[in-house]
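Novice: Model the placement of chain B on the given structure of chain A, informed by the hints.
The listed protein sequences correspond, in order, to chains A and B.
Under this note's numbering, the first residue of the first sequence carries the number 1, and numbering increases by one thereafter.
Under this note's numbering, the first residue of the second sequence carries the number 1, and numbering increases by one thereafter.
All clues given are correct.
Reference listing, derived: stretches of chain B covered by chain A, where coverage requires no fewer than 3 residues with Cβ under 8 Å from a Cβ of chain A: (1) 27 to 40; (2) 46 to 55; (3) 88 to 98; (4) 157 to 163; (5) 175 to 183; (6) 187 to 198.
Hints in this document: simulated from the structure, not taken from any laboratory.
Remember, it's a predicted structure, so these values are computed and weren't measured experimentally.
Just so you know, even glycine gets a beta-carbon here, dropped at the ideal spot from N, CA and C.
What follows is each chain in one-letter form.
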Amino acid sequence: MKRTLPTLGAVLALGCCVAGPAAAEPPSSAVESADLPEPARLLQRVALFYPEDAGSQHGDVVLLVEVGIDGVTGAVQVESGPEVFFASALEAASRLVFEPARSDGVAVASVTRIHFHFAPPSELDDDATMEIVVHGDHPDLEDTKARTTLDRAALERAAGQDLAGSVEEVPGVTVGGGTTSAAKPIIRGQQERRLLVLVDGVRHESQKWGPDHGTEVDPFSAGSITVIRGAAGARYGPDAMGGVLLVNPPPLRTDPGVQGTALGSFASNGTRPFAGLRLDAVPAALPALSLRLEGNAAVGASRHTPDYVLGNTASRAWNLGATAAVRLGTSQLRASWRHHDLAAGVFHGVRSATPAEFEAQLEAGVPEGAERWEPSFAIERAYQAVSHDLALLHLATHSPLGTADVRYAYQHNRRREYEQVRDGVAGPQYDFTLRTHSLDAELAHPEAVVGDVTMSGGVGLQAGLQENVYQGLTLLPNARSFSGGLFAYERASVGRADVELGGRYDGLLRTAFLDDADYQRHVRRGSLDASHCSTTEEAARCPGAYGAASLSAGALLHVVPEHLDVKVDLARASRFPDLDELYLLGSAPSLPAFALGFPDLGVETSTGATVTSGLRLPWLQAELSGFASRIDNYVQFAPEIGADGQPRFEVTVRGAFPRFTYTPLRPWSHGGEATVDLGPTAPVGLRLQGAVVRITADGQELVGTAPDRFDARLLVRPQLAGVDDTELSLIATGVARQFRVDPERDLAPAPDGVMLLGAAAQATLGSKLRVGIELRNLLDARYREYTSLLRYYADQPGRDFRLRVGMDF
Amino acid sequence: MRPTMLLLLCAACTDVENPHNDDDNELITRVELTLSPEAGGDAEVASWSDPEADGNPLIDALLLSIDGPYVLEVAFFNDLAEPSEEITAEVAAEAAEHQVFFTGEGVLGPATGMVTAAIVEHQYADEDSNGLPIGLLNRLIPVSAGTGEITVRLRHLPPEGNALVKVPELAETAAADGFAAIGGDDDVLVTFPMSVDAAE
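Isolated chain B, as found in the complex:
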């Protein structure tokens, strides 16, 4: 790094008067969940969105039917970029350093441990180059009618030195000991209201 020496009087520097926050950065402002019935039918999209990043998110509810399991796809977007930018492909490209976890009231899955009043069961349906789950593609299986919440957590797990942070059974470790027991930082931690309708 070379030393910088700016000896000119810079009172007219316009960079001060033209502020801009660099949005080419680690920003995610929208999370989309796409539910597609495995038996066929229309997909449903629910989004958690805070386009102005001012603490007032718009949150859609997940509406499921007891009838069938669903394919659950997760996508991430930066709506502050112009045009809006989808981040999902970048996460997928770095799958060995990312994992999506699903928890919440009414969710049974690898990251939740035993849950007695689950309304849905989560299963991972993808894996990275090390054979570890990613969580961009999942199965969501309704188990009983009712209401609850599903929390979606995208965890960035880069290696530290020569040690991998994304290791087998991270979800199970989090279920047993809490997320403080696994490494990495949350890039996303959002919660959707959820309901499972009884069969007609």
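Isolated chain A (complex conformation):
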């Protein structure tokens, strides 16, 4: 409810009297706008009246403003600033008009922070006005890093896809496909080893080192997914070198009642239906209790290229989740559990072959057996079966000391890979179990005003215990590791500028346990120094200790508030070597290689900068981001070259394979992304997006560096009676050929570039039913994706028609 405020005349009549904060506090139940996926956005600037009794001083006043579902301001409270400006600030705030905040697409009341800067009229020319800077307008805009958040509507467009497919539309993101239906995201050319995924604030822990291992995160459980591009180790810890994905659940319901979301989709290529349901409830008898139950399932038959079926690429996936939260005063205690389950066939065309046979199948162009394969839901050997459980206990509390968040989580990741074997052999050939306990604690202190500067920040710690148990064909040892980190960050906001500094130190103690046979193999090969390990009857124990400091310094300048921002981010981030990079010993199931770890690898460290500029006008929105970094001890998996300059081969009972090992390099990584949106809300619009990345060492582009990519969409938004949010689009996606990588350094030449055409349409019927259709690879073009492991064996899937339906109730 809008409060009555003194009129301008009354203010003048008050003269020198201190008006004081005349408005009531915003209701405590109102959600902070900045916490919502779609915060309130200022639509209409207003003129500020400079109080006569302010003399000639400058002043900054910060207000907390309630924004109603209609975008009109309600209650207003002064948070800080010189009292002489209070009345004028309150009066101006009452005239602000916003686009309301939204949660799950529904307008909600929220509280947002407004910053007014008063300057004496004598210092302003005729056209100048005193500034209104809305801090906390949108997390993506306020972060000093390049960042994009996909809201519920964007995630719904990718219904039925995995995490990588859900974030594919973000500039700078590509999909790293494999030989199953699972995939992983690539951000600025960096694959999953150098990316960090946080699910509900918890680091996702899995066997992410494998090129054929997808990311076991359910995008249906997300209310929003934020993609941070570039190093972010100072805030989030090790592995956050290429970027971070923040997977956040939707807010829980807080008022009594029941609501739900249902989502379904169908993809024609592979006959892939998906169905998901989420229920949120607050019992009337226990209004402080919020409950959630959600689940989804998908099946898919083998996919097909324009010319043949991709034999044995069927899959089955299901997810379950439950959450209970209780609000106790200014605290909330939340318990949640999520389960992810996936079984996916490995393409029949992937064969464990010698280099000669591998090259022969490349030259053939069409995989052997293509004439045999038929569409089928059956999953045969070889296949992968993965399950991931996340149990989380989260306490959030607000006090005069600030906001504290404490999370304890347990993750259980089980990956089993089944190869082609004789009937007498049961069970998986590769069996990985990863158990992770983690504790994350953060204290964000209350905002403090020091002169004209508003300070915000916090400190935190992270600790973990992880056990990795492997059974199967010779490949990896077991390991136990203890990890810990301490971090602090502080942000200063003054006028048009924000500056943020962050620092963090992380340590890792890891002990690898090798069985005697594997240990002796390593010693005989010289890949392990026996003096580094101690031996018992059961195993050799090989310890390792790592430490790394991460730093970040960022600045955000509102060049033209609400319209033009420039961000600069300087960051140093690190990654500890993974277990496979240190101790791998065995044939790679998917590639003609014998892999050997390198136990003396050090900490990988990236030092670089990102500059991002964002322009927001009613008729044009654009963002341009460029980055450059140097990576020390960058670990690359590459053929081992002998003293004679020739590749070294390993003679096994299955033939002779080239030896691949992990080699530290010192590459440069640089590139950029650009997005231009003409007419973002106009009846006809055009959206252009592009990304380039270069990762070079010693003048050579590294194998696997993503090729240049371009996306263009023509959008038409007709206004139809009874139909909302209608949008039709024609899509053209171009992927260049990766010609910068020396083909002699790769197992196969890079595939040709490709232009893919598509179309999409979406609408909301009767304000409730959201429908969408999408046609991918409209012309059923044959192509291979450079970032997919499949490119060594077969073409990508062809034309795909997708239908989705969603509704809230």
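Specialist: Structure of chain B alone, referenced to chain A:
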């Protein structure tokens, strides 16, 4: 598959500290070739063996005489199992999904195509339930004195969906178009040096 939920702190779990690679798996570490003269006499055994699977195999040479054809038997063993385990019977039991191919410098046979400088000729002497060759039992016929190599390839050819992968004339297809033109994966691909002595 039921979801697993282990909420107990498991810092004392001993499975981490007692690693063992499960050797009850698809492992072959030794290939034995037994040559028996068809005219009678002592059999000769040559083996390709990498008991520690560390890339340093011990390889015997095949020594033949120009005088007579031989029966060639192939056997497979897993010496990492305790006790050592012979795999041959399992291969024979799944003969419809396995075939042994013989190629190499100096070998003439179904899987080699035309060879002008052969020192031995290979012939299959067994067949599976579909009448297709297996390759566990063979004939090896010396054709000229000299030295060469014989490569023994055990190919696992399980069906894919409802389609058989082991079909007639696989060896001939491999000879014409290479082994990339036939399905399956190699469980064994080893090479023995070979020599045929001239008649005394």
